Amino acid sequence: MLEVKNLHVSVAGKKIIDGLSLKVADGEVAAIMGPNGSGKSTLSYVVAGRADYEVTEGSIRLDGVDLLDKTPAERAALGLFLVFQYPLEIPGVATMTFLKAAMNAQRKAREQAELSTPEFMKKVREAAAKLNIPQDMLKRPVNLGFSGGEKKRMEILQMALLEPKFAILDEMDSGLDIDALRICAEGVNALRSKERGLLVITHYQRLLDYIAPDTVHVMHKGRIVRSGGPELALELEKSGYADYAEEAA
Amino acid sequence: MGAILQNPTQAEQDLLKSFSAERSDTQRQAAFERFARAGLPSRRNEAWHYTDLRAKLRAAPPRASRPDASVLDQAKEKLAPVDRFRIVTVDGYFSPELSDDLTCVQGVKLRPLVADDAILKRLAEGAEDALLDLNTAFAEGGFALEIAPEVHIDAVFELVALDGALGALGRFGRTVVVLGDGARAAILETRAESGEGFGDSAIFLSLGRGAELDYACRAQGGAAVEVQTFVARLEEEARLRAVSFLAGAPFLRRQLFISCAGANAEVHLAGAALLRGREHADTTLALTHDAPSCISRETFKYVLADQANGVFQGRIIVPPHAQKTDGKMLCRGLLLSDDAAMSAKPELEIFADDVACGHGAAVAKLDQNQVFYMESRGIPREEARAILVEAFAAEAFDLLDDEELRDLLKADLARLLARGDFA
Ligand SMILES: Nc1ncnc2c1ncn2[C@@H]1O[C@H](COP(=O)(O)OP(=O)(O)OP(=O)(O)O)[C@@H](O)[C@H]1O
Ligand SMILES: [Mg+2]
Numbered sequence: 001m002l003e004v005k006n007l008h009v010s011v012a013g014k015k016i017i018d019g020l021s022l023k024v025a026d027g028e029v030a031a032i033m034g035p036n037g038s039g040k041s042t043l044s045y046v047v048a049g050r051a052d053y054e055v056t057e058g059s060i061r062l063d064g065v066d067l068l069d070k071t072p073a074e075r076a077a078l079g080l081f082l083v084f085q086y087p088l089e090i091p092g093v094a095t096m097t098f099l100k101a102a103m104n105a106q107r108k109a110r111e112q113a114e115l116s117t118p119e120f121m122k123k124v125r126e127a128a129a130k131l132n133i134p135q136d137m138l139k140r141p142v143n144l145g146f147s148g149g150e151k152k153r154m155e156i157l158q159m160a161l162l163e164p165k166f167a168i169l170d171e172m173d174s175g176l177d178i179d180a181l182r183i184c185a186e187g188v189n190a191l192r193s194k195e196r197g198l199l200v201i202t203h204y205q206r207l208l209d210y211i212a213p214d215t216v217h218v219m220h221k222g223r224i225v226r227s228g229g230p231e232l233a234l235e236l237e238k239s240g241y242a243d244y245a246e247e248a249a
Numbered sequence: 250m251g252a253i254l255q256n257p258t259q260a261e262q263d264l265l266k267s268f269s270a271e272r273s274d275t276q277r278q279a280a281f282e283r284f285a286r287a288g289l290p291s292r293r294n295e296a297w298h299y300t301d302l303r304a305k306l307r308a309a310p311p312r313a314s315r316p317d318a319s320v321l322d323q324a325k326e327k328l329a330p331v332d333r334f335r336i337v338t339v340d341g342y343f344s345p346e347l348s349d350d351l352t353c354v355q356g357v358k359l360r361p362l363v364a365d366d367a368i369l370k371r372l373a374e375g376a377e378d379a380l381l382d383l384n385t386a387f388a389e390g391g392f393a394l395e396i397a398p399e400v401h402i403d404a405v406f407e408l409v410a411l412d413g414a415l416g417a418l419g420r421f422g423r424t425v426v427v428l429g430d431g432a433r434a435a436i437l438e439t440r441a442e443s444g445e446g447f448g449d450s451a452i453f454l455s456l457g458r459g460a461e462l463d464y465a466c467r468a469q470g471g472a473a474v475e476v477q478t479f480v481a482r483l484e485e486e487a488r489l490r491a492v493s494f495l496a497g498a499p500f501l502r503r504q505l506f507i508s509c510a511g512a513n514a515e516v517h518l519a520g521a522a523l524l525r526g527r528e529h530a531d532t533t534l535a536l537t538h539d540a541p542s543c544i545s546r547e548t549f550k551y552v553l554a555d556q557a558n559g560v561f562q563g564r565i566i567v568p569p570h571a572q573k574t575d576g577k578m579l580c581r582g583l584l585l586s587d588d589a590a591m592s593a594k595p596e597l598e599i600f601a602d603d604v605a606c607g608h609g610a611a612v613a614k615l616d617q618n619q620v621f622y623m624e625s626r627g628i629p630r631e632e633a634r635a636i637l638v639e640a641f642a643a644e645a646f647d648l649l650d651d652e653e654l655r656d657l658l659k660a661d662l663a664r665l666l667a668r669g670d671f672a
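These protein sequence lines map, in sequence, to chains A and B.
Take the first sequence: its letters are residues 1 to 249, numbered as in the working numbering.
Take the second sequence: its letters are residues 250 to 672, numbered as in the working numbering.
Simulated from the structure, these hints should not be mistaken for lab results.
As the structure is a prediction and not an experimental result, all values here were calculated from the model.
Yeah, the Cβ is synthetic: ideal placement off N, Cα and C, and Gly gets one too.
With a cut-off of at most 25 Å between alpha-carbon atoms, the simulated DMTMM-like pairs for lysine to aspartate or glutamate come out as follows:
#: 1; chain 1: B; residue 1: LYS614; chain 2: A; residue 2: GLU89
#: 2; chain 1: B; residue 1: LYS659; chain 2: B; residue 2: ASP670
#: 3; chain 1: A; residue 1: LYS23; chain 2: A; residue 2: ASP63
#: 4; chain 1: A; residue 1: LYS100; chain 2: B; residue 2: ASP661
#: 5; chain 1: B; residue 1: LYS266; chain 2: B; residue 2: GLU282
#: 6; chain 1: A; residue 1: LYS100; chain 2: B; residue 2: ASP670
#: 7; chain 1: B; residue 1: LYS358; chain 2: B; residue 2: ASP332
#: 8; chain 1: B; residue 1: LYS614; chain 2: A; residue 2: ASP52
#: 9; chain 1: A; residue 1: LYS151; chain 2: B; residue 2: GLU644
#: 10; chain 1: A; residue 1: LYS151; chain 2: B; residue 2: ASP616
#: 11; chain 1: A; residue 1: LYS70; chain 2: B; residue 2: ASP670
#: 12; chain 1: B; residue 1: LYS659; chain 2: B; residue 2: GLU644
#: 13; chain 1: A; residue 1: LYS108; chain 2: B; residue 2: GLU631
#: 14; chain 1: A; residue 1: LYS5; chain 2: A; residue 2: GLU28
Cβ-to-Cβ under 10 Å is the rule here; a few derived chain A residues that face chain B:
#: 15; residue: ALA77
#: 16; residue: GLY92
#: 17; residue: ASN104
#: 18; residue: ASN143
#: 19; residue: GLN158
Next up, chain B with everything else stripped away, as it sits in the complex:
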């Protein structure tokens, strides 16, 4: 199959060449063909306007292969003991060796994804995106975590994504989490694939009727160019509380496609991004209220130091049948330097008449009067500023119901600020 792309970039040529049709199933093949037609998104593509991936990704590094024993051994060293259920991928490949054995946990099933996995069918429907297509075409070692209906798991599941092999590589992790009707769980996704290279990972969440999930993603560090896609679908009365904490990634695009597919579903989203140096982080959200009487709340916060660049694009889509929708979206930026920049584009696309929706965006600097007030009590300026930054960012974590997750993120935040990069 020949590429239809005109003037492909080096990276596009690399990606097109590395796809092998022999190993491909239908989903893969279809996704690859879409990618081959569209190519990498550039600023001319509205959804990618502030994150020109086509310009940024000069060349696509070779894809990481399945980690061998010595790579796994090295990865293992990065894992300290925790009292959570841990599921580990290395270079995007699920590693049963490094993961906890969940076979004896009632109502929980952990398995590798297979070709044309039926589980993905409905989940990927609403999300159309070139990088998601690329992930579908290339991801090989993904896994699925399934929680049976009505099962409540108290312990946190931590999904850890580590890098393994050295050098610039392409990593394509793929994860599916399914909560059956009435199931409850808490998930921590720790993304730590850093270094050179290119990351294009995806996580798919399916929440059955009345299911409830607390989800936190901490992306601290990241590949030179990284894209993370989060897809979630909620059935009737399901509740999703999802938080992301982004820091230390040089160039990160995090995109969320969420669909409230059943009536009375509730989505609470928040994010805190702390960027410094020349870091760039883009959170792009498309939330579809695809059923009546759903509630959504979004608060995304950016702390920007040095020459950092923060991007938030949020779109709430309310089709005609989604009456009684209640949606509110807010983006706030805190600029710690004159050279930092924030672009915020919250949008509502409302086609139903009986809805309550709103959005707002505000960018500000630290309040000098507050800083002086604290200083006048003896708190040195850097510490006063750090306390204010912490208060600003930590608010994003408050929506989580799971105390362990909340405390974990707050501790991470405190540790980050203690390094003094955001004073």
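In isolation and in its complexed conformation, chain A is listed as follows:
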């Protein structure tokens, strides 16, 4: 379970998250929608542990464990995963080297034996096939020169391989074509389970048609201003965020 309580975050002296609270239970799929700049990506980065944010108040717990004093890698080893809105390109680092380092680092942190190369290759090949990722994409440096959609597919591949306990998906639908959206959504749905919580950040109902959420939250100016069921997303699709502009002001 992810539990964020009264979170306040500033970047470069500017307040971006302003008293945000949110709970996502095991097995739950929660969606966050909200206008550009409302702080959705900031929330996901802070949960993942990016350095340049200042948390001035509040707490973030995963399964009861306080994340704020953990390094990003420790959070990952605890089972947290973030699908980046803008995945990074890493020239010179082969995708396979990167995947293997990630999988083995997490296994090591959990005191599991490292994967042998054949075991690792088999896992990657199978997971890539399910996501329609061609082998030659895996031979390139991490995300280097990948199209927007290819990058998102790589994110879902990493998520499938790392089998996180809790995943935040920050606009995984942006840049995906219609087929890729379906394939990636199927990949995500395959990971839905009683134990695994998902937080899906998106602007569009289209994604939620594929990944049906249990709860929907509206974020505005660094706060959750409304929560509800799937119907809330449909409502937003019609009316936009105009109503919240005054409420939050």
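On the provided structure of chain A, position chain B with the ligands as indicated by the hints.
Leaving out everything else, chain B with the ligands in the frame of chain A:
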């Protein structure tokens, strides 16, 4: 012969005194006289601006003598078996005892250099430098490796330079490698003369028409003050791919003088230097396109931790007759600490009009977003940083055609990074 130098430093006095004119041949004598006039280069000498040898070398230690049997025995212990042809020098002296016997390798000749060796005549022409002169004046136990025309050797030749006798000593190794027309070879130079003292070594490469050489130098460790000179001359259509991997030397100057003497010659150069603590490494390159239609590519990379100091000076010289020259030079520094410093000075001197030449230099820090991305996948920060450093540096080795050399350097790099000094 009296020194003409004004106010010689202690080191200069030591060096001038230790030259014995009786044992000297013409090349030696001429080189010594040039040195005696010029002295050690200081920052006032443009080519040495960032590496003030005159200030750094307080005193010149006595020259190492030819190693005796017990020194050789000790040196031998440092040699693990390898499946390469190995040629060993100890304190700069060629040691047939520790080297592989190459007499039965077809088309290969290994021999000691002799006084006024004819082989050196044309090779040393283009290189004017005080430390090269000093090497010419003092080097005694050098060797020549000659590969006959059209002979292709698949196995790698490893030239290993070891230290032998203890204490602060001056070591002056000297090596000549000649590839006849159309010959092909791969050479690994392993420089491991460490400890106190002063090193001033030189290697001369001659590539005949259409000859092809893969060359890698790994200098890991080094004398307290060390200068390495690399001189290469390429005839028509010859190809040289040369890489250096520098790490662990306290104060190192590596200077390369390369001449494309024949049309359509190709030079591909790269270097990776990983420096930490207060280490200083200076790579200075002078590449002359002395014939039309030659191609050259240079990429030199520096990873600088702690208070390390990296220097790159590169000069591509294109005289009027070298039309259709295609040269590109790049220097990149990666600063891992705020106290590390990089000085880069790439230059083009172009006197021909129909050429395509360019150069660039960039210094940056590790990309924090890339580090965070890797961390978010569970890779601890030090490991993530090491992976990025490795990717940055290893690219320098990719130009080698010889897979064994490439893998060897990459393995060395991985081993170095595993120690955690560059995270
Ligand atoms: N490093 C930073 N320095 C200054 N302002 C920042 C920084 N990072 C984020 N912000 C600001 O914080 C606000 C929230 O940004 P964030 O990326 O979290 O929004 P978002 O809700 O994800 O928007 P979108 O829907 O466009 O992805 C924006 O106004 C942004 O400009
Ligand atoms: Mg965003």
